[in-house]
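Based on the provided sequences and hints, a complete structural model is requested.
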Amino acid sequence: MLKIAVCIKRVPDMEMRFSIATDRKSLDQGGLKYEMGDFDGYALEVALQLMEKQGPGEVVVLSLGPDAVQEMLRKGLAMGATRAVQIKSDEIPFDGLAIAHALAAELKDGGYDLILFGKMATDTASGTVGPMTAELLGLPCVTSISQLDVSAGRGTARRDLEGAAETVSFPLPAVLTIDEGIARPRLASLKGIMAAKKKPLEVKAAQLGESRLTVESMALPADRPPGRIIGEGADAVPELLRLLQTEAKVL
Amino acid sequence: MATMLAFAESRGGVLRKVAFEAVTAARVAADASGGGDVHALLVGAPGIASHAQELGRYGADLVVVVEHAALERYSPEVYAATVVERVRSGGYRAAFFAASAEGRDLAPRVAARLGAGLASDVTAFELHGDAVTASHPAYTGKVIVTLRLAGSPALLSLRPGAITPVEQPRTARVESAAPGIDPATARVVVTGMSGRSTTKLDIGEAPVIVSGGRGLRAAENFKLVEDLADAIGNAAVGATRAVTDDGWRPATDQIGQTGRLVSPDLYIAVGISGAIQHLAGMRTAKTIVAINKDKDAPIFKVADYGIVGDLFEIV
Ligand SMILES: Cc1cc2nc3c(=O)[nH]c(=O)nc-3n(C[C@H](O)[C@H](O)[C@H](O)COP(=O)(O)OP(=O)(O)OC[C@H]3O[C@@H](n4cnc5c(N)ncnc54)[C@H](O)[C@@H]3O)c2cc1C
Ligand SMILES: Nc1ncnc2c1ncn2[C@@H]1O[C@H](COP(=O)(O)O)[C@@H](O)[C@H]1O
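Protein sequences appear in the order of chains E and P. Here the first sequence is numbered in my numbering, starting from 1287 and rising by one per residue. Here the second sequence is numbered in my numbering, starting from 616 and rising by one per residue.
To be clear, the hints were calculated from the coordinates, so they are not data collected in a lab. Beta carbons: idealized from backbone N, C-alpha and C, even for Gly.
SDA-like cross-link-like pairs, simulated, lysine to any residue; straight-line CA separation at most 20 Å: (1) E:Lys1535 with P:Ala846; (2) P:Lys908 with E:Ile1516; (3) P:Lys916 with E:Ile1516.
Quick look at which bits of chain P chain E covers, simulated, 3 or more residues with Cβ under 8 Å: (4) 721-729; (5) 752-764; (6) 908-919.
Here it is as structure tokens:
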């Protein structure tokens, strides 16, 4: 029986317009919508497909955060996860290692064959929590994988590098971080949503590690200096070349 | 005065441009601290030591070389153990990695083993008395977060292309060291490698990227983009997800939130609408050119220079 944990993070919907709160170090919450991180959705889908393929098993979704993460955990249950754990913390630190400590404490004695993460959380865009948790647990870890096969206590994964890809073999239990392209997350069915209401969702207190990385400030990116449309059609090409050579000096 | 470490990334026995970026960053940090030493760590198969002086050219005072037949390719466990051992013995104020596929895998492992703070995918940084601050584009690049790293060593991974390598030649001392663990004990093993030749310029290293979108209409029309890149010379070809999803280009060419994050000197977007997920990967380019037939396409909002019109006519 395969036992898989999937760590999912509640992040703001990136399509929204962001503004910075008056403390200048957080987002103005007004009008923000939240959802499961993109890559975390892929990770959950991978876990569900493995469970379906390999017979009875367990997929546990875990999220560290305030009570608001419960709604997302229910969504994970509606997609097909067996049970959920909220690792309760009113704040989610920016420091991946602080989060990894709390996740590792929960995962340590869970008896998981696989622990899956997104390649990165779409808010922090860091990609550190997965490999950090693996190190704290002393487990083998492959990051940013776009293909996975599991059989007979071993896994094989494809990992994209710049301009190349490697095939990697590893023993279970293992930690993996999931890139896109591996599986499209399913939508929850009505039946799934109804069933999710009865599935267990446990709440545990987070044992966060110390934060050595903190947010000093946030700002919207400086607008790029206003660009200009230098012309229409092929007639504009000579002017473009001139500007690239003499003004931008990049050619 | 503080000593800094740079991890010098290589592939196929050759140093990558990001190695010089990391050494340059370490040099800047050491100078800002009042003129400390820069150490570079170079790991690879036997023979890699012959590249040590290239790191001296960018300001490394000492190059620590770890050669082993099993280290021709990146091995997460061996590399992490090797870096950790070096950092423990070196008393570094900060250690710099590339936020490349390799560096993004390596740096968090090192941070966890050392209990150190790590700022990832950094585009700029500053050294203060008791802290290092670092800028990092987060929220698909829509928010720039200034992070504060407390404690020593502070670890930073640098967005490829964000730091321009600067030559500051000196003759580096070269020392050799052993891998942190016996490579034969690694649990994760690379069993195969596929992909394009290493001679082709990678989008993470190219000073110029010509990128194509759905506006190209078919895979074979990418010839136009490739020809333009060839004509420019030091250019690589990128693509949008619309294009990689349709299989017109390999997934590894995808630029954007879920693809590569790049900062070339010049980014030429051909037939690309400029969706936020795409912008997340390229908006830190120094100069952006857009060619699109729709004058209202969002790409024109970030482009320094735009041409409205039919790409088949313009390119
Ligand atoms: C979770 C998530 C993650 C994503 N991650 C990424 C990512 O990492 N990278 C990425 O690129 N996308 C990503 N996307 C997809 C993104 O939202 C866009 O769909 C995609 O970038 C669009 O690609 P495109 O610009 O090639 O195509 P389109 O949006 O279809 O644009 C084509 C453009 O070509 C122009 N055009 C057409 N014909 C011509 C012509 N003859 N001459 C000149 N111009 C012409 C059109 O005016 C149009 O502006 C992601 C989406 C999601 C939901
Ligand atoms: N608060 C959290 N709760 C659960 N999982 C998380 C949390 N933060 C990060 N993760 C997981 O770690 C991955 C990488 O996050 P990051 O290192 O912040 O980019 C995410 O894709 C999630 O799988």
